[in-house]
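K.L.:
So the chains spell out like this:
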Amino acid sequence: MISLTVNGKNYNVDAPKDIKLLWVLRDYLKLTGTKYGCGIGECGSCTVLIEGEAKRSCEVVAADAQGANITTIEGLPEDHPVKKAWIQEQVVQCGYCQPGVMMQVAGLLVENKNADATQIMDSMDDVICRCGTYHGIKRGIKAAVEIARKEG
Amino acid sequence: MKNTSMTRRSFLKGSLAATGLTIAVSATPLGYRLLNASQKDSISALSPNAWFAITPDNKVTITLGASEMGQGTHTALAMIVADELEADWNRVEVHQGGAREEYLNPILHSQLTVASAAVRGFYDILRKAGASGRSMLVEAAALQWNVPANECEAQNSAVKHKKSGRSLSYGQLCLKAAGLQIPKDPLLKKESEFRYMGTSIPRVDIPDKANGRAVFGLDFTVDDMHYAVLSRPPAYGAKSISYDEKAAEAVKGVRKIIPTPHGIAVCATSLDAAWKGREALKVKWDKGTHPWLDNASIEKSLMEALDKPGSEAVKKGDAQKTLSQAGKKVKATYFVPFVAHATLEPMNCTAHVQKDRCEVWVPTQGQTVAQMVASQVSGVPPEKVMIHTTYLGGGFGRRATPDFIVEAVIASKVIGKPVKVVWTREEDMQYDQYRAAMSHRIEAGLDSQGRLIGWSHKAVSGSIMKDINPDGIKNGVDIMSLWGLVDFPGSPDNNRIMYEIPNLYVEFLLSDLPIPVSPWRSVQNGPNAFVIESFIDELAHAAGKDPLEFRLNLLKNEMRPRRVLETVAEKAGWGKPLVRGNGRGIAQHTCFGTSAAHVAEVTVNEKDGTFRVHRIVVAVDCGPAVAPLNIKTQIEGAVTMALSTVLREEVKFANGGVSSANFDDYNPIRLSEVPDVEVHIIKSNEAIGGIGEPGLPPTAPAVANAVFNATGARVRRIPLTPESVLAAIKKA
Chain A
1 MISLTVNGKN
11 YNVDAPKDIK
21 LLWVLRDYLK
31 LTGTKYGCGI
41 GECGSCTVLI
51 EGEAKRSCEV
61 VAADAQGANI
71 TTIEGLPEDH
81 PVKKAWIQEQ
91 VVQCGYCQPG
101 VMMQVAGLLV
111 ENKNADATQI
121 MDSMDDVICR
131 CGTYHGIKRG
141 IKAAVEIARK
151 EG
Chain B
1001 MKNTSMTRRS
1011 FLKGSLAATG
1021 LTIAVSATPL
1031 GYRLLNASQK
1041 DSISALSPNA
1051 WFAITPDNKV
1061 TITLGASEMG
1071 QGTHTALAMI
1081 VADELEADWN
1091 RVEVHQGGAR
1101 EEYLNPILHS
1111 QLTVASAAVR
1121 GFYDILRKAG
1131 ASGRSMLVEA
1141 AALQWNVPAN
1151 ECEAQNSAVK
1161 HKKSGRSLSY
1171 GQLCLKAAGL
1181 QIPKDPLLKK
1191 ESEFRYMGTS
1201 IPRVDIPDKA
1211 NGRAVFGLDF
1221 TVDDMHYAVL
1231 SRPPAYGAKS
1241 ISYDEKAAEA
1251 VKGVRKIIPT
1261 PHGIAVCATS
1271 LDAAWKGREA
1281 LKVKWDKGTH
1291 PWLDNASIEK
1301 SLMEALDKPG
1311 SEAVKKGDAQ
1321 KTLSQAGKKV
1331 KATYFVPFVA
1341 HATLEPMNCT
1351 AHVQKDRCEV
1361 WVPTQGQTVA
1371 QMVASQVSGV
1381 PPEKVMIHTT
1391 YLGGGFGRRA
1401 TPDFIVEAVI
1411 ASKVIGKPVK
1421 VVWTREEDMQ
1431 YDQYRAAMSH
1441 RIEAGLDSQG
1451 RLIGWSHKAV
1461 SGSIMKDINP
1471 DGIKNGVDIM
1481 SLWGLVDFPG
1491 SPDNNRIMYE
1501 IPNLYVEFLL
1511 SDLPIPVSPW
1521 RSVQNGPNAF
1531 VIESFIDELA
1541 HAAGKDPLEF
1551 RLNLLKNEMR
1561 PRRVLETVAE
1571 KAGWGKPLVR
1581 GNGRGIAQHT
1591 CFGTSAAHVA
1601 EVTVNEKDGT
1611 FRVHRIVVAV
1621 DCGPAVAPLN
1631 IKTQIEGAVT
1641 MALSTVLREE
1651 VKFANGGVSS
1661 ANFDDYNPIR
1671 LSEVPDVEVH
1681 IIKSNEAIGG
1691 IGEPGLPPTA
1701 PAVANAVFNA
1711 TGARVRRIPL
1721 TPESVLAAIK
1731 KA
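Protein sequences appear in the order of chains A and B.
Be aware that the first sequence starts at 1, since it is given in my numbering, and climbs by one per residue.
Be aware that the second sequence starts at 1001, since it is given in my numbering, and climbs by one per residue.
Here chain B stands alone, though its shape is the one from the complex (with noise of 0.2 Å):
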């Protein structure tokens, strides 16, 4: 957290509306800017771009903007650098830094860690920021030794001249370096020649981590700090009736209580002063916007809105037409319920306002929206917003939302001191915003060979771009939303359907439920990869062919999801026989520019309806595989946390609001659940996709399958319960 530089954030535009918080933004496109080293005042190392330091104690100190929430992302970029630098990997420390322009993703226009994006996104930008300072460093050499700088060679954080056997440190030469012109275009190491990527490096957190030493938000303290806590609505919509500030006031320790827009907050010189505080208040609430909203009366919603007519979203050909013509058509109305992010550590922020200048210390996905809203809130010029990005402890998309930022910023500026907003469980998932529930209705047709000539779909669902980035709304149509469906126009990460169907159409339309929803581990790619590997299951059922055929001839020209299907196959021993009560099932997905196909076991007791899921095998193509250990254990995590919303995962609501408040009622995987999981990593050259979130999607379609495999019996949502597949076998 040393790094704390800013630069001028004018591309940035938002508003902090009086209900709530809204925020719109929007980016130029990001240019790869060197700064001159030369231009500095004095110079103390070689540091020619924002990624790293060569300091004369021969150590090189790489500084990464992406979030380290698990993923591993600071060793896999840090890799990438140190590759190309051709830096020891003994010598080097990564640190996080700041908010600043240099880190803007160059897929996502902000400082923002979601979307599968670092590794990707950064890959070329780093190599060329390492390649750059490589050349620097061997011809600072080669004027040393006044000899060709083609016959000195970069090495393990030296440069060495063959000839006379001679060679300086990175330490050695780096003060003489800093005085060169930073070459545009450096040479690129050959794939031969890389040292660290495609290698498994231990990563660089876990030591920390492992010792109890890593700092988490939670975890942060500064001198004179203190706590907010927040009494908060009960239901949508709710507001505060009355509440007794006195007595809260008389708690010991309580030293102000603060309404946000969020609810009131309890502020105190201890975390228990401040909840006993708020105990204390006795908030009362009114009902709330809708009092009648529960779990049935969500479903009933969402499914009603099935009938009414959605926006266009994709035309291609006449689906309508087709499925008029088609010799067997196949219909199914599908459903995903909310599920809830439940990082470990619940929200937190900790944030000081001062006249000039505002520091936030904050576990954060994004801190280009975290430095505006902060700045916003706090009314300090957004180059005056320092953010520190502590560790997260956990993030799946939960922390690219500020909310929590507002509410420690607010409750700083309000007492003047620095304030540790702390979120308990219950809060953290009775204010999460969601996974968002989702209900579709598809009809495909056949012809009489049982090719699939036509699909029309409809999704109903809450907008996930709604306060993300609202000018994305075109026509009533929310993209995100539909990711794995239909991607935005052009996109490289292929987050749409990638059969080749002839005439497809899908539309949308709009929940008007109150229930705020967010990207969430692979964002809608998830729920909707559920539904059309399922639905491609029941169609290849239909037409009487494997369903790894049926794919396979949808997948003619689309050799990167085909090319995993063929090798899970082959690596699960698909079609090989079962014995009774065990089924096989397989799904792909591509998503973040990164294909997987994954293929399931499971057992099944007819009597019951219980299952277990004893195996699952993934084949990925990511491209370049530059940590090939952090994409076995993502897609390790990946599946796990898909599996857990196949078997229990759904968040419940009473009287208007949530009722679901810990992990006793909301209960993700546990150990003994766990399937082996076997990952095959494909070696490609296709351009680099994501790794955090493709080993996601394909999970619960691929269980799903598996289990209509071993007893015939189809189950349209999740999670999968031993009543619902019961059910669905005394149907079948």
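Chain A with its partners taken away, still in its complex shape (with noise of 0.2 Å):
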């Protein structure tokens, strides 16, 4: 048995030991918006928040994140930052690589809640969008930056 906190609520999921946590949200516990994009690392599309911290879910054994507050897309508030940017200026194509880019963004602003929007694109390089959404996720990050400013 694994348990997990995700999204403030406790599951206990009877999966493998040696399972990955992206597995486990998405087919154990159903939360499909954490996406499997490349299973290495190198996409982006998998992360989700533990303590906070952007982490790739496809690269967590499930087992050693029991204990930890894990948010993923959609334990994330609609009202949060990224996601009023995010749908204020319309950053989504496809949408599949998202809520990794979305998370990885959030991730930013709790690690440092006075990133300007430079610092925030600069630590972007890590993700991959194929619809080539970069542009759109620039200004999506300069939103977030700019909402997250105004309320403080």
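All clues given are correct.
In the DSSO-like style, the derived pairs of lysine-lysine whose C-alpha atoms are separated by at most 30 Å in a straight line are:
(1) B:1731 to B:1652
(2) A:138 to B:1571
(3) B:1252 to A:30
Every beta carbon over 12 Å from chain B, so not counted as near; a handful from chain A, in silico:
(4) 1
(5) 50
(6) 51
(7) 112
(8) 152
Calculated directly from the structure, the hints in this document are not laboratory data.
Note that CB positions come from ideal geometry on N, CA and C, so glycine has one too.
Starting from the two chains in their separate frames, assemble the complex, guided by the hints.
P.N.:
Okay, structure coming up:
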């Protein structure tokens, strides 16, 4: 049994010991907003927050995340600056990579509440968007930083 | 995913060959068919056609057949219907429809979301469909009030009678309207009356996608669903020698080992178990049919093929004779490698084959083909095959091919359960049907005034049409491989060289490499535009002319490409001085009915050959601009994807198969590498064109021409690596 705390809820999952967090979230907890893109931590589609820090869930063994607070895209509040910014700026195209991209931006905002947009953009080269929404992601980051600042 | 109604699919034919998949689709021309509402048993809504229903709760449900893969088509198409219907956008809900005859794209004769054809294909049909509904609602109100219809006006989901100030909502009118005759030729709005078209409405799919609620194929689940993964041959043509079925079946959760034409499937109750079962299967493969295959041998094979005779694709005037008399001749050879689609969502499909029906939940670009293939594999008649299209985590042409659907249907048929087939990233990369690698040789002649008088061109590539439309390959010429150079006769898409060249000869040779190829965003317009627009630049230089002037002189009567060139030149400050090491390049291309021109600005480090693209200015003429925000973001995306192929993308081969496996060794463009992109949409009365792809082709040549402008180095192969740029600098 693996015990996990995801989006404030506790779960006990009967899954193999070596299973990665990504697959527990998707196949056992049906939290499918977290995506599988590469399985080797290269694309960022599976990014979640573990204790507020952006992590690649495809590389985290689920059992190692026991006791930690895990946040997925579903658990990020709808009025979170990143979600508001992404809708306001119409960042998304196919949308498959975006939950991971958004969680990474959210994590960077946790890490440094006062980060400016450029600082965040400089930490975004480890995500891949095949639709090529990078211009939109940049607009989204600028808007998220602004919203976060306004809301204090 | 609500609508699953089916109609007879007698227009389809196809065959599933034992060795793999061969599909032929031929179709009758599509008519715009209206269902007669009054023939329905009970009326609960106004739904005069396949596209919308208005219900007494005053909701408008718009159902669309095209696939949403990020190109924003659900929003753009719904805007067209809602606009002509004069519906309140806040009351509109958009649904993905199933496979049905009304949803066949009239350009493609298939329910297929490719060729940038959704908006341009359905523009007239949807306007008419919306306008029919509006006319019926107005008539219903006029009857209700007993006033002439021309005193009534539809406005934002209500009909108003100005004189009396009365108003009835669409919800109040819908049942009465449903009993009326459907007008055959409803009056369409004037452009000045458009409420939504031409404005930037937020996309309908974004809130669900930004909240992780959107269901992609990989996210879909159904009760009692099993999983299947395949062990696939590591080399082209490789056959399995042995495998340990018992060891795989001993893995907890594994249910069945199923040999398929694509590999050996392991079926299990969980994905984890399926993967562990596949590992335990330990399949041994033989060396396949082309064990020597690697990148060097591929390039050598395509380049050497240029010396063999090809098949004539175009002959206008006498290029050979003109060349022998030309004052100046320019000759060059170009090469473009294989690149992968690499959609972020790997291929997948869920199927459930039952005795008398088959359900398929799949991120597909082609519902018609999906239904046909699922029918053939399952043995269930097509009208009993339900295609539920999920959101697509990227398409780019890859999801028009039904290979993953075949696998899910086979597995479900064997075990009698719903089965989801999941590809890993590695499988997605190695069993892709790539953008075709191509070699080109061109010779052109200039007269004493530097005018282009003759152009002789030979191109070699694998066949795009072999699996899609084998009957379309005439005399050895695969026109889709030549798109951008040569289009089908009379095609309004203009996937052809637009320059007015008096003597033009194009020949084509099919390569015999075993690597499967398929359409990849813009099809071969991308590679071919790189070649044509780089070579035109070489000619301008040889003629001593400015590259913009040289192009404009060859487009005296082709106003659409002419205008995008003039516009982009003005917006980009063409001709303004640049500092040393910086360069500016221009390119234009027309495809899928749209013309686009790009100016790229680069800085090249002449010491190490590295370069940075810092600005790309685009002018585009797609005719009526239905959804301007979408046009801008599609161009940004297309430029970015193209730039990725300019910087790095190239599939690696070794030992007869594909060695590129994941994003660590096949590395698409990243955020910091993306230049500023400015998009200028030309106000145009031209015919409506596509937008998902036409922003892509001019990108690579604009960048290569900018590198030339900065350094005098001409690189005739993408990707432009620092090594190739440096080598060209040394040669210059």
